[in-house]
Amino acid sequence: MLLKCIWAAEIVDCSSVFSVRRTIRGHCCVFNYVLDYESAGRKNKRTDVTSNKTNYRIGN
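In this note's numbering, the protein residues as written are -19 to 40.
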């Protein structure tokens, strides 16, 4: 729990700036958290792409 927040040299209500989110590290107070792929249940960011003509995979 955050007790005191200051934004642009002004005291602000912490709940108007931060929210509590469950992250891969546990519960955290965040203001710009972007859900990563592991906590979303995805193994990685990779998306397989195939060629329409040959049906071969493109990339590594």
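Derived from the structure by calculation, the hints contain no laboratory data. Accuracy of the hints is not assured; some may be wrong.
Simulated DEER-style distance windows between Cβ atoms [as the list claims (entries may be wrong)]: (1) VAL14 x ILE(-9): 24 to 30 angstroms; (2) ILE4 x LYS(-16): 23 to 29 angstroms; (3) CYS8 x TRP(-13): 17 to 23 angstroms; (4) VAL14 x ALA(-11): 24 to 30 angstroms.
We put the CB at the ideal spot given by N, CA and C, even for glycine.
Outcome of the hint check:
no.: 1; hint: VAL14 x ILE(-9): 24 to 30 angstroms; in the structure: 27 angstroms, holds
no.: 2; hint: ILE4 x LYS(-16): 23 to 29 angstroms; in the structure: 27 angstroms, holds
no.: 3; hint: CYS8 x TRP(-13): 17 to 23 angstroms; in the structure: 18 angstroms, holds
no.: 4; hint: VAL14 x ALA(-11): 24 to 30 angstroms; in the structure: 27 angstroms, holds
In this structure, none of the earlier numbered hints is contradicted; all agree with it.
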